[in-house]
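Trainee: These are the residues of each chain, in order.
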Amino acid sequence: MFLDLIFAFENPRWWDYPGFELWKFVNLAIFVIALVFALRRFFGVPEMFRNRKESIRAELEKARTERDAALAKLKEVEERLASLDSQVATIKERSMIEAREERERIARSTQDEISKLTAQAQREIENAATVAKKDLRRFTAEQSVRLAEEMIKRDIRPDDDARLFKRNIEEMGATR
Amino acid sequence: MQSVSEKLREYERSLRQARAEAYAQAETERAAAMKERQQTLNEMRAQLTQTIAQEKKTIAQQAGEAHVTLEAESRRLAREIGSRVLSRPLNDGEMN
Chain A
1 MFLDLIFAFE
11 NPRWWDYPGF
21 ELWKFVNLAI
31 FVIALVFALR
41 RFFGVPEMFR
51 NRKESIRAEL
61 EKARTERDAA
71 LAKLKEVEER
81 LASLDSQVAT
91 IKERSMIEAR
101 EERERIARST
111 QDEISKLTAQ
121 AQREIENAAT
131 VAKKDLRRFT
141 AEQSVRLAEE
151 MIKRDIRPDD
161 DARLFKRNIE
171 EMGATR
Chain B
1 MQSVSEKLRE
11 YERSLRQARA
21 EAYAQAETER
31 AAAMKERQQT
41 LNEMRAQLTQ
51 TIAQEKKTIA
61 QQAGEAHVTL
71 EAESRRLARE
81 IGSRVLSRPL
91 NDGEMN
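Quick note, the sequences are listed as chains A and B, same order.
Residue numbers for the first sequence follow the working numbering, so the first one is 1 and each next one is one higher.
Residue numbers for the second sequence follow the working numbering, so the first one is 1 and each next one is one higher.
Since the hints were made in silico from the structure, they are not lab data.
Some hints here could point you the wrong way.
Unchecked claim - Straight-line C-alpha distance at most 27 Å; calculated BS3-like pairs for lysine-lysine:
1. B/LYS56 <-> A/LYS92
2. B/LYS57 <-> A/LYS116
3. B/LYS35 <-> A/LYS92
4. B/LYS7 <-> A/LYS133
5. A/LYS134 <-> B/LYS56
6. A/LYS75 <-> B/LYS7
To be verified - Restraint-style ranges between C-beta atoms, simulated for each label pair:
7. B/LYS56 <-> A/THR90: 39 to 45 Å
8. B/THR58 <-> A/ALA89: 36 to 42 Å
9. A/MET172 <-> B/ILE52: 39 to 45 Å
In this text, a Cβ means the ideal position worked out from N, Cα and C, and glycines have one as well.
Go ahead and model the full structure; you've got the sequences and the hints to work with.
Mentor: Structure representation (structure tokens):
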């Protein structure tokens with residue numbers, strides 16, 4: 001078999017060996033060159049590949065950005081979760097402070113209301129006392145005048161009457 | 001991302017729950033404080049009403065006692081008025 005191969009190489013020329021003819025390689029080379037030329041010239045393959053490359057790069061960049069954003073978000077959420085207990089404690093503490101302030105405000109309001117009610121009661125008592133004093137003064141004045149009138153009617157004598165009449169006349173003259 | 005969303009939801013749910021509990025607690029305390037305020041004011045009003053009634057009663061009693069004193073004072077003033085009008089002393093007779 002090895003001898004057959006040696007003899008087969010001896011007869012044909014090296015560029016025309018059956019199965020390995022040179023013209024076939026030349027044809028193939030021409031075809032490949034023409035194909036490459038046609039693809040470059042008419043179909044814009046390099047541009048297409050370049051665009052595709054850019055597209056893939058952009059997608060990779062976008063994916064990287066999204067991954068970074070997701071990681072940042074995860075980190076932020078984990079930080080928030082880590083501080084959840086302290087935040088809950090802060091909310092409770094703030095609520096307690098606000099409740100205490102509200103209780104104090106209500107207590108102050110109650111004291112103000114009590115002060116108003118006390119002052120109002122005091123005024124009512126003072127008014128009652130004033131009215132009572134006024135009534136007593138009026139009673140004293142009316143009673144004194146009424147008794148004086150009765151005494152004068154009872155005790156007046158004719159000479160008193162004449163003297164009063166004369167005095168009234170004199171006072172009228174002096175007035176004129 | 002799903003894990004992040006779940007964690008975020010859990011975080012927000014916990015915060016909402018904490019806020020709701022705090023609000024409920026504050027509201028309960030506020031209601032208790034308002035009830036206590038109303039009770040205090042009602043007691044104070046009742047006490048003041050009683051005080052006012054007592055004081056008015058005392059004033060009326062004192063006015064009644066003063067009436068007796070002023071009755072005598074009225075007689076004295078009436079004699080003085082009559083004396084001045086008639087320019088002489090009046091008899092001290094019994095009057096109504």
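Trainee: Now look at each hint and say whether the structure bears it out.
Mentor: Structure-based check of all given hints:
1. B/LYS56 <-> A/LYS92: violated, 52 Å
2. B/LYS57 <-> A/LYS116: holds, 23 Å
3. B/LYS35 <-> A/LYS92: Holds, at about 23 Å.
4. B/LYS7 <-> A/LYS133: violated, 81 Å
5. A/LYS134 <-> B/LYS56: Distance of about 15 Å is within 27 Å: holds.
6. A/LYS75 <-> B/LYS7: holds, 11 Å
7. B/LYS56 <-> A/THR90: 39 to 45 Å: 57 Å Cβ-Cβ, so the 39 to 45 Å window is violated.
8. B/THR58 <-> A/ALA89: 36 to 42 Å: Cβ of B/THR58 to Cβ of A/ALA89: about 59 Å, so the range 36 to 42 Å is violated.
9. A/MET172 <-> B/ILE52: 39 to 45 Å: violated, 54 Å
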